[in-house]
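Protein chains in written order, with the working numbering: chain A, 1 to 481; chain B, 1 to 456.
When the alpha-carbon atoms are kept at most 20 Å apart in a straight line, the in silico EDC-like pairs for lysine to aspartate or glutamate are as follows:
no., chain 1, residue 1, chain 2, residue 2
1, B, Lys-38, A, Glu-95
2, A, Lys-278, B, Glu-187
3, A, Lys-39, B, Asp-93
4, B, Lys-194, B, Glu-429
5, B, Lys-30, B, Glu-122
6, B, Lys-74, A, Glu-27
7, A, Lys-183, B, Asp-264
Calculated directly from the structure, the hints in this document are not laboratory data.
Residues per chain are reported as follows:
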Amino acid sequence: MSEELAEIGLEVASKLGATYADIRFVENERRDVGIRDGKPERLTHSLGSGFGVRAVAKGGWGFAGSRDITSDGVKKTVELTVKIAKASSMKSKGEVKLADVPTRKDAYETPVRKDPMKVPLEDILDLLISADKAYREKSSHIRTTGGDVEARREEKYIATSEGSRIKQKIVFCGASGGGIVVKNGIVQRRSYMVTYRTMGFENIEAVDLAAEARKAATEAEALLEAEACPTEVKLDLIMDDWQLGLQIHESIGHGSELDRVLGHEVDMAGMSFLTLDKRNKFRYGSELVNIVADATAEKGLGTFGYDDEAVPAKKAYLIKEGILVGYQSSRETAAEVGDKESSGAMRADSPLHLPLVRMTNINLLPGDWKSDEIIEETKDGILMRGEKMWSIDQMRLNFQFGTEAGWLIKNGEITKMVRDPTYTGISYEFWGSVDAIAKDGWTIHGTTECGKGRPGQIIYVGHGCSRTRFKNVRVGVTGRL
Amino acid sequence: MSLAELTKKMVEQAVRGGAYQAEVTAFSMKEALTRYTKNVIHQNDASSDYGVGIKVVIDKNKIGGATVNSLNEKNILGGVEEALKIAKVSRPDPEFKTLPEPKTIVPLKGAFHKETAEYTPEEMAEGVKTVIENALAYNKNVKWSAGSFTVTTGVLAIANSLGVAAESEFSEASIDVITRAQSVGSEGSGFRVKRSRNVKELDFKAVALDAAKDAVDSMNAKQIPLGEYEAVFRPEAVSTFIGFLGRLGFSALVYQLGQSFLKDKLGTQLFDEKLTIWDNGRDLRTLSPMAFDGEGVRKKALMLVNGGVPENLCYDTYTALKEGRESTGHALPRFGRGFFGGMPMPMNQVISPGDASMDELIEETRKGVLVTRLHYVNAIRGDLGIISGMTSDGLWFIENGEIKHPLQQMRFTDSVLRVFRNLDALGDESTVEKTSICTTPAIKTALFKFTGQTEF
Chain A
1 MSEELAEIGL EVASKLGATY ADIRFVENER RDVGIRDGKP ERLTHSLGSG
51 FGVRAVAKGG WGFAGSRDIT SDGVKKTVEL TVKIAKASSM KSKGEVKLAD
101 VPTRKDAYET PVRKDPMKVP LEDILDLLIS ADKAYREKSS HIRTTGGDVE
151 ARREEKYIAT SEGSRIKQKI VFCGASGGGI VVKNGIVQRR SYMVTYRTMG
201 FENIEAVDLA AEARKAATEA EALLEAEACP TEVKLDLIMD DWQLGLQIHE
251 SIGHGSELDR VLGHEVDMAG MSFLTLDKRN KFRYGSELVN IVADATAEKG
301 LGTFGYDDEA VPAKKAYLIK EGILVGYQSS RETAAEVGDK ESSGAMRADS
351 PLHLPLVRMT NINLLPGDWK SDEIIEETKD GILMRGEKMW SIDQMRLNFQ
401 FGTEAGWLIK NGEITKMVRD PTYTGISYEF WGSVDAIAKD GWTIHGTTEC
451 GKGRPGQIIY VGHGCSRTRF KNVRVGVTGR L
Chain B
1 MSLAELTKKM VEQAVRGGAY QAEVTAFSMK EALTRYTKNV IHQNDASSDY
51 GVGIKVVIDK NKIGGATVNS LNEKNILGGV EEALKIAKVS RPDPEFKTLP
101 EPKTIVPLKG AFHKETAEYT PEEMAEGVKT VIENALAYNK NVKWSAGSFT
151 VTTGVLAIAN SLGVAAESEF SEASIDVITR AQSVGSEGSG FRVKRSRNVK
201 ELDFKAVALD AAKDAVDSMN AKQIPLGEYE AVFRPEAVST FIGFLGRLGF
251 SALVYQLGQS FLKDKLGTQL FDEKLTIWDN GRDLRTLSPM AFDGEGVRKK
301 ALMLVNGGVP ENLCYDTYTA LKEGRESTGH ALPRFGRGFF GGMPMPMNQV
351 ISPGDASMDE LIEETRKGVL VTRLHYVNAI RGDLGIISGM TSDGLWFIEN
401 GEIKHPLQQM RFTDSVLRVF RNLDALGDES TVEKTSICTT PAIKTALFKF
451 TGQTEF
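If we strip away everything but chain B, and leave its shape as in the complex, we get:
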């Protein structure tokens, strides 16, 4: 039985069981991961997962849910009964209006590549071997590489009792590399990552050499005084900021709970006018395009920030109907990627690039830093966009347009709003990278506050 058939069958079962409305999400997913450190593979996994998520509505607004991760048909169909049982003793949710109505969904071509699905354990180990050997060959000071090579393929299907029926295949592959260079009394670390839906597009040699160069260039790091600096962020670091913009600001749920930094700011010039961000689940430039969201609502382009002005929020059906709107197609699947199951979120953001090359972003910096990526970032004041975290794997001091020397890693505490309000420049197409949540160029900001030092 296909997942589409299974979801339809389970919805019918729920309705026969007395559900006023019902929604079933099903997925099957194969993941392979080859993880390596200090030039050897230390973890090599494969998994084949399968599950269903059931949401039933009784008496117009009493809701129950169940998930089942099993191939056992009795368990799977038992999930419907469990959800019905829960809904029957639940309490009414007066703000629940309805599940989404069906609309035509144009299938999306290009979200799945069979080359990724057919990749073998031997090919994965070979890819890692290529990374390790090229990193070691780059320079005598390169001592070891570490990282992960992941390949994921799957199918997601959603159906509801109002007629929504959607199914789509997806694939993803990524190779990330941390390389360490060491010499007497000094260590440098470089990090690079490449992602694609088609595993054959990953260039293992290029990613290995880039990380190795950064590792060598990071040796003999110094410290600079804490304080405010100009900062150039590579795309992986920008992606962290974009993630916090979505989570702290553009989710309609956060906004409705009064915690969004966008409260009273929609339609105002909150960011620099060079910043334009839209979200489009159908945009093949993003890593994980999908024609529909976690409720089976079709995805389409949504302008989030237009010339520095925040224009729209991301809604699912529940949050949209609270305001008498239509869902924008931003419900995450019950078995979504990430930890934000109950919150509508932008997951396919595209940041409009500028016209500066990476070299030009650096040349335009009088006194600042070049940041590769950020580590363990968390929000201190979500309503003000204030976050804190560490830089990681490649940090350099820039003076008068030139990289002067590598830096030991530093802690920052700053507002993500301020980062984009003081945007000096965006990188051009040559700097654009696909990350897990956005496709973004490098950026340069005029002010970024470092508040702590560490010892490496």
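Pulled out of the complex, with its shape left as it was, chain A reads as follows:
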């Protein structure tokens, strides 16, 4: 049905004068199983379907999305799209150029062993409640606990006026949990998770969630007795979990999106200090820092077959040996800066939203250190884990993060845990200070909550990384009470 309607839509667009058009039909299904304090809190099944049309006419862009998946609905929506495109020409550049992409007829599907939409709800509840119980058994100061399993299926059919016809089915899932503990007015949080991956339920089953919960609860209790993080000190910072993924996400991922660089997001998320004149010249990180945008990475949350412009998934360097060498792009932004190809990064979170340049898997490639050696060869440092707070400026320069837990390191040994750690810096100075990256323990972490654009879109992306050390970082920034 979608195939027939797509052909109708593209024909109408052409007749109305569109010089380019594409149409994307999407059906998405989502399953949320959430508990709080050991009892169900949020058990929801969500199903959505609709389509979005992009068109260029008179040198302007138009987009319209609708839930009315009928022949009449498609025709009306295409008519509105072309009308909007023509209105855009009132203040457009006069011409839209798109980087070439070979036309393809293809299909892609996430390899899945166990469909997460078909796992009995009772089994998922048992899993979460068991982990929650394990957490509670290890902690005697609990104020509240929670846990979630989220699974999604997204099926798309994309047809372009240039001839591409792409079918795609993406499936992913993950789990998380944690608790808030309180003692003598001190409030602490420690979480655990099964990172989100493009996999079936086997992703979650591969992890002993109760064991992860026990470990997190033990650390939560320890945080209640821990000293506060030292304030306004310079320490070597070591990270090796999702917090490092988040650092990559905020300072490198968003900073290298070409639409931001070109000012398309200035009214919402901001721009980027990684201006075009810096390409192939600017030292963003130390020579150890190699960052790729890799939509082909196995099981990464940002892994797919084609983006929403029917551009095939790619792997390309953004930063090579510390130098900025590339951007994440769309067909239009790539053409605008003279690139022959899009990086294949255009995705939308809904059929009713316009695709934007979004991260795929933005990965920090492994180094040649052993993880243990990084700790052993740190004289005065801190290991931070567990995302808690993040903030970065509009140009992706000044950032400040807080984590759930920290461990001070003295002369190669972890000496004690500290609570409420924070660190801050300037992105290129921070990445320029990297002096050790582990070759072992490399993992692709995933987040389902990357926000961008107007109307606001929330999409899923991945970040691969292993233990990494940053030298001489400003730690312990505090506010006044």
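With the hints as your guide, set chain B onto chain A.
Quick look at chain B alone, frame taken from chain A:
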């Protein structure tokens, strides 16, 4: 079929399917957005969305939910079956007592303007063109404008098996403008936004000129040492603080989980006595008034802070019944605005203005800063109200009552409680603006801590 009829039909279907109680929320919404940067429209969208949210209760306290965003009747009605299926295998929630009982809801006039619903793509592009042309004409150093012009209209309907039945139309429009001025070696940025339920009330020329003036006045920015300063905040910046007050303090859910900064502080002089905040979903001075909340409970005025004393929390039915209270009408719709679906929140706050003009707020500042808005703010310690973020698009140094020079943007780390505890003055009516969550004047605080510099 109207949304009101649809919700009633689905509730009946759920009850026939064995639900002890059922609630259905339905919406239809049309959004149009014209987004522009560097003086050209680069994104021009329209969408027509439609959806239902279903909550069913089985065996008195086993709850299941489903949402369906589709026009397909089979899918929509299938949502009820899906929710029932989930509820049947769920586990009891002993703290769930009941969905809300119906009460008379007086319809609210003025929440919807048909002029907004009838606005065309051509008129939107024309509005953006007016902004761009006026900004460029303001000064030769103005190089480009960027921003978004959005128009939203819709209908929200809620029904439950106890007899709640509510339906309301709504409309919103907003134009925001970022303008950049550039000269040799220097760049300045200005930001202004105007919002109204009636798109015809937006003054594109005025917002363009204000942003352009700020952009020109922001050129040749300098740095000042990190530390504590007096600070004057324009309404858009105040709105960020008010949002954190609601999220970290006044939501009953946060309070019941022991994470609220209001723990043991209700009824105490937590803020300066000049601060008075109430929330009233029926107040047409707020941007998004609505006669009822996300559960169909009627909205009414609730005093949050009275003369600096926090008095009340915001409850939905679930959190209220845990304490044997009545809901205050602060449940967000299942398809709400924002990301706080499960948390009762104040969304129509009004901050009582003071008597100082913007010029007087500046004149009363010995050594401080004027802040336009804040960017990417997040909580470090919610229980203490400590947040960190950046200033954005217009920051100036004030000395001895005069604006001396623009500043490069700075990072702050401070407690939102301290901001309002050290409130020196509130702006008068002439400074009041509607933001997405509150209607607020500008304010001046005696102490605000800057903890980081950036490079622009």
